[in-house]
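K.L.:
What follows is each chain in one-letter form.
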Amino acid sequence: MAQAVKTKKTSITYGLSTGEKAFGIVNFVILAILGLLMLFPFVNLIAKSLSSNTAITTGQVTFWPVDFQTGTYRFVLKQGQFWNSFRISIVVTLCGTFGALIMSCITAYPLSKKWLWGRKFFALIFVFTMLFSGGMVPSYILMRALNFVNTIWVLIIPALLGVYNMILLKNFFEEIPEAVEESAQLDGAGSLRTLFSIVLPMSLPALATIGLFYAVGFWDNYMTGLLYITTPSLRPLQTYLYQLVTEATNISAETMTAEDMELASLNTEAIRAATIMLACVPIMCVYPFLQKYFVKGMRVGSVKG
Amino acid sequence: MSELTGRKTLSDQDLRRIARLSQKRSSRSRLHRSLPLLALLIPGLVFVAIFHYLPMFGLVIGFEKYDIFLGANPIDAIFKSPWVGLKNWTDLWIKSKFRQAIINTFIISALKVGICFPLGIILALMINEVRSNIAKKTLQTVMYLPHFISWVVVGALFMNIMGTTGIVNQVIVALGGETQKFFMDNRWFRFLLVLTSEWKETGWNTIVYLAAMAGIDPELYEAATIDRANRFQQILHVTLPGIASTVVMMLILRLGGIMDAGFSQILVMYNSTVYKSGDIIGTYIYREGIGKFNWSQGTIVGMFNSLINMLLLLGGNWLSRRLTDRSIW
Chain A
51 MAQAVKTKKT
61 SITYGLSTGE
71 KAFGIVNFVI
81 LAILGLLMLF
91 PFVNLIAKSL
101 SSNTAITTGQ
111 VTFWPVDFQT
121 GTYRFVLKQG
131 QFWNSFRISI
141 VVTLCGTFGA
151 LIMSCITAYP
161 LSKKWLWGRK
171 FFALIFVFTM
181 LFSGGMVPSY
191 ILMRALNFVN
201 TIWVLIIPAL
211 LGVYNMILLK
221 NFFEEIPEAV
231 EESAQLDGAG
241 SLRTLFSIVL
251 PMSLPALATI
261 GLFYAVGFWD
271 NYMTGLLYIT
281 TPSLRPLQTY
291 LYQLVTEATN
301 ISAETMTAED
311 MELASLNTEA
321 IRAATIMLAC
331 VPIMCVYPFL
341 QKYFVKGMRV
351 GSVKG
Chain B
1069 MSELTGRKTL
1079 SDQDLRRIAR
1089 LSQKRSSRSR
1099 LHRSLPLLAL
1109 LIPGLVFVAI
1119 FHYLPMFGLV
1129 IGFEKYDIFL
1139 GANPIDAIFK
1149 SPWVGLKNWT
1159 DLWIKSKFRQ
1169 AIINTFIISA
1179 LKVGICFPLG
1189 IILALMINEV
1199 RSNIAKKTLQ
1209 TVMYLPHFIS
1219 WVVVGALFMN
1229 IMGTTGIVNQ
1239 VIVALGGETQ
1249 KFFMDNRWFR
1259 FLLVLTSEWK
1269 ETGWNTIVYL
1279 AAMAGIDPEL
1289 YEAATIDRAN
1299 RFQQILHVTL
1309 PGIASTVVMM
1319 LILRLGGIMD
1329 AGFSQILVMY
1339 NSTVYKSGDI
1349 IGTYIYREGI
1359 GKFNWSQGTI
1369 VGMFNSLINM
1379 LLLLGGNWLS
1389 RRLTDRSIW
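Chains A and B supply the protein sequences, listed in that same order. All residue numbers for the first sequence refer to our numbering, where the first residue is 51 and numbers rise by one. All residue numbers for the second sequence refer to our numbering, where the first residue is 1069 and numbers rise by one.
Hints are not guaranteed to be accurate.
To be verified - As a list, the in silico DSS-like pairs of lysine-lysine whose alpha-carbon atoms are at most 25 angstroms apart:
1) K1205/B to K342/A
2) K71/A to K1204/B
3) K342/A to K1204/B
4) K1165/B to K1155/B
5) K1155/B to K1133/B
For the record, the hints were derived by calculation from the structure and aren't laboratory data.
Input sequences plus hints: build the corresponding full structure.
P.N.:
Below is the structure:
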């Protein structure tokens, strides 16, 4: 049997005509060029963040840093507002993701049970929020009424349940054989125990997937900070970047001190570039490790009839 | 059982009564069994009640002349503000900037769906044809990456390479062209929006198609090879039909996003010189509704937006049910 399979495989590879081989090569080359083009904006920005003022203003920087320097990064890391915003974003992302995962689990689990009393009705309540919404202004007024404006809660609580993510998780839970849970329940475990000790350990790929979605959602969100936060000490990192990018604020202008005179030798574009690269670091650290999970998680969750 | 049959045969009436009783009992025991799970559902229900359903009731503001400082708090103000009916809407409709925002929303969305959607499928087909697993993984890693970057960073990345002193303009000038102000030119701005959303999301969009392609029965390809179908013919006659229903699903989901032509994207990249080509409903609400405290007008625009969105999704879903027997819920 094994041999039969093997011969079949070789016959297929041998069956590739030169035309098909050429097709494979051309296809790969096009994809490789596309991949490099996609990376280029990053490469160019990193190169600029590490180049000298004169090299940037004369437009010499393309792929590699010219007149290599790290002063920009040292400057950004000395900024109080950068660290402050960074800390806010880390706290919001960690607490938010953890809370959102718990909320999604306890909501998705009951809805995944076909025998749940009133299941269709409850599911409809959640699905309808994806169809229709009150919109930006009523939500803004609600946050003001709840006294959420200029608190850290506004960054976390309104995003604690993403209905789309919850439904992905519900679909995943539905794939778990009922028998596994029933055996636990015969042993006297309640539904909460079953959820946390049986169902969740079996759902790690799905949890990693939506956990990543939530984390990225919290980390990348600049709108909430823009709408509801005016206190600089609570400003999340992406909102800080937004102001840096769109209002072309010079970090230097506010905080120039005698010891920052080295700034004169630094290019503002390079400083902005360094700030942006530093803001990407956390995502870049987590993403590669979770990739194998989210490919699996998306597969089960979204491709369903 | 022997007890029952030993006594007497059951009449039809008896059987019906038993059936009714057991039905009642099973429904009650179902509720009883569900109670612990329903308790788990409470936080989620409270959450959507506050953060999704309460704002829907807030839509009343759209028909009032809402003044946030009228009552004891912003919600009390809803009850105290005077009712004006559809005046907010008629006032808006005569503003050419508002009409332009609606037109822009549809144009930009149409461009994005028309260009990005097919490109996602083509890219997935190309990645699927890569035979080496390492190469495939590396390509996927690179192409999924931009999805995880915020629009602020994406905006900054492209302002860097496509700004007036950026590398793109350097190349244009070197080739003898004129410096283009991509971010401040109404001829270029929509192109820029499509390009950046292309860069950010096309790779990510392939993930669902690639999953669907992985689920195609390999025997179909073997049969095709035996029939001497070349790789291109295999794509046309095996792969594409295999992902057709997924494509329809994704198109419906995309339809639901048409009314958001990219709010967080445009808010980062636009400026007053490109309002004519780039101002969309979302940015209009943000600027005119919240920025200038026109609460009532902002609300009614949001409601218009949401209603059209719902109709598009429901319509798309209905179509999908008829065409492919699949629906999103």
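K.L.:
A separate judgement is required for each hint: does it hold in the structure or not?
P.N.:
Do the hints match the structure? See the list:
1. K1205/B to K342/A: Satisfied, since the Cα-Cα distance of roughly 10 angstroms is no more than 25 angstroms.
2. K71/A to K1204/B: Roughly 17 angstroms separates the two Cα atoms, so the pair holds.
3. K342/A to K1204/B: Distance ~13 angstroms between K342/A and K1204/B Cα, so the pair holds.
4. K1165/B to K1155/B: Holds: K1165/B and K1155/B sit about 18 angstroms apart, inside 25 angstroms.
5. K1155/B to K1133/B: holds (9 angstroms)
Taken one by one, the earlier hints all hold for this structure without exception.
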